[in-house]
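Asker: So the chains spell out like this:
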Amino acid sequence: MSTADPTTADAVHASAHKLFSFRRVGAIAGNTFRDLVRQKVFYFMVLFAVILIGASLALASLSFQGQLQTVMDVCLGAMSVFTMLLAVLSTAMLLPKDMEDRTLYTILAKPVARFEYLVGKLIGVALMLFIATLLMTAVFTAVLAYWQGREIAGIEMNESAQRAVAQIAAIKAGTFTPTLFGGIGVLFVRALVCAGLTLMLSCFATSWLFTVISALMMIIVGHLVPIARSVWQGPFGAADVPFHFAILLRIVTVFFPDMQLFNVVDDIAVGVTVGGEIFLRVAALGAGYVAIYLLVGYLLFAWREL
Amino acid sequence: MSTPAISIENLTKEFRNPSVFDRSTVTAVRNLNLTVEAGHVYGLLGPNGSGKSTTMKIVLGLVTPTSGKTFIFGRDSSDVESREAVGFLPENPYFYKFLTGSETLAFYGKLCGLGGKMLRERSRELLALVGLEDAADRRVGGYSKGMLQRIGLAQALVQEPRLLVLDEPTAGVDPAGSRQIRDLILRLKERGITVMLCSHLLSQVQEICDRIGIMHHGELLREGALEELISIENQTELVLENATPALLAELRQRAESSGARVIGTHKPQQNLERYFLEVTGEKK
Chain A
31 MSTADPTTAD
41 AVHASAHKLF
51 SFRRVGAIAG
61 NTFRDLVRQK
71 VFYFMVLFAV
81 ILIGASLALA
91 SLSFQGQLQT
101 VMDVCLGAMS
111 VFTMLLAVLS
121 TAMLLPKDME
131 DRTLYTILAK
141 PVARFEYLVG
151 KLIGVALMLF
161 IATLLMTAVF
171 TAVLAYWQGR
181 EIAGIEMNES
191 AQRAVAQIAA
201 IKAGTFTPTL
211 FGGIGVLFVR
221 ALVCAGLTLM
231 LSCFATSWLF
241 TVISALMMII
251 VGHLVPIARS
261 VWQGPFGAAD
271 VPFHFAILLR
281 IVTVFFPDMQ
291 LFNVVDDIAV
301 GVTVGGEIFL
311 RVAALGAGYV
321 AIYLLVGYLL
331 FAWREL
Chain B
1015 MSTPAISIEN
1025 LTKEFRNPSV
1035 FDRSTVTAVR
1045 NLNLTVEAGH
1055 VYGLLGPNGS
1065 GKSTTMKIVL
1075 GLVTPTSGKT
1085 FIFGRDSSDV
1095 ESREAVGFLP
1105 ENPYFYKFLT
1115 GSETLAFYGK
1125 LCGLGGKMLR
1135 ERSRELLALV
1145 GLEDAADRRV
1155 GGYSKGMLQR
1165 IGLAQALVQE
1175 PRLLVLDEPT
1185 AGVDPAGSRQ
1195 IRDLILRLKE
1205 RGITVMLCSH
1215 LLSQVQEICD
1225 RIGIMHHGEL
1235 LREGALEELI
1245 SIENQTELVL
1255 ENATPALLAE
1265 LRQRAESSGA
1275 RVIGTHKPQQ
1285 NLERYFLEVT
1295 GEKK
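Protein chains in written order, with the numbering used here: chain A, 31 to 336; chain B, 1015 to 1298.
Among the hints, erroneous ones may be present.
Chain B regions said to be covered by chain A (calculated; three or more residues, Cβ under 8 angstroms) [to be verified]:
hint, segment
1, 1065-1078
2, 1093-1106
3, 1115-1129
Example chain B residues on the side facing chain A (calculated, C-beta under 8 angstroms, incomplete) [unchecked claim]:
hint, residue
4, F1109
5, Y1110
6, F1112
7, Q1169
Calculated from the structure, these hints are not laboratory results.
Keep in mind the model is a prediction, meaning the values are calculated, not measured.
The C-beta atom is built at its ideal place from N, Cα and C for all residues, glycine as well.
With the rest of the complex left out, here is chain A (with noise of 0.2 angstroms):
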């Protein structure tokens, strides 16, 4: 053994230590998203949500526009649920099983510090998202280009040239849209504030099960959020309802998300075009949610006894 050679060990130590690094993130990030790819509830969700973009295949005896109507709905509904669920049921674990297991103290007993295992998991959870994301959208793309080319071959034999073009033109126009996939990239976005959320409620939390209860309790609360802001910002302010309200109102304006900022996915389902500007949006809000649920995740785990 080597440990005798003072070259190696000196390269070791000698090495100033960083309070960020990414060797250490990386390696954390890379064994939780293989982790979460082992565990059965993923291809499970993932089998699922397949099945259910089948299935819209089923309902749609309807016109084009019907057809793609209830295509998107069914799918952008379906991978709404999962990649939402997937978060909370993913990230719940992580924490408690590391610590059941005891890997946590092998992990916390090397310089590795608790934020970047913290982030480490995060990003873990956030590659296996993005994966997830990836396969349902190559599903839903698959079905949108079926139904497209089904319905662009129809007016081919049926159409005279000049109005098969135009027809042509405007089905593929109305089927894959940059909103479209913009409002995926929403849906990844709001799983990914539900993982921060998760893991912020998995560091204090002693159980599995209070974290993924305390997260979609939470997660549904935060769809009220506008409610609670309008009675409190309103135009006779909080002074007209009752103190005790006023207060939860306030909680529920500042510790829950506002899960409404998502619903955008809403308004692309029924083929409304949203701006660019409203995604970027979107984006900086979903950034600043998992920041902050780092923060106050960080800020919980390290005073935690272990």
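Starting from the structure of chain A, add chain B where the hints point.
Answerer: Only chain B this time, still in chain A's reference frame:
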């Protein structure tokens, strides 16, 4: 004098009762002062709940002390940097089951800033050291208890630490595996690595430790060099080979005539572990 591997100064740890209705505290460690000199093998002993694991966790920065300080080679152990010099093997460790032995070492190596060729060579060396070369490409999920302890020891050594903290390193391991781990600790000691270990297996502690500390109810009751603590000052043991009954009688007579008292005579017994390893053919 060199910097001690571990210095513990006036360490106290109180755990708050988790109940909302009961805010009382439990003192796990009470005003502990302890020094482990570099190059020693130190055994921290005590019954369950005596505070030895809490002490270890505080030294490793996993638990925050209520008061007092702990240092690793002179650095405050609450600093992440101090852990550059420490390797830790927890009791009954589990590693990521989907990783192979060499992937496990690569993972822990990367956490210590190692990479590339240096890490590959280091992993190979450590797998050879702990006798897991043949299992390097097998998933850790299929490892036996003894193999898990040995890969745990290898990960603890991955960054070539100067201090090794071992919590029950031979718990649940069969006698042959236990002996391998004990021999390994002795070899590490020869190479100048400081080892602090917690164990209930007192015979093993006696074989490998230079100094021991005995904790009970969070307090250090006794501390010192093992030889000094357990030897009986006014008694001497004389072991003879091929002694005749006449010689034994003469020795007894001479001892008694000089004022000494013969307390007893008996045939020395070999260690049960050694006997077991001889029978099973695994003695080294």
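Asker: Tell me, in ascending order, the numbers of any earlier hints that this structure violates.
Answerer: none
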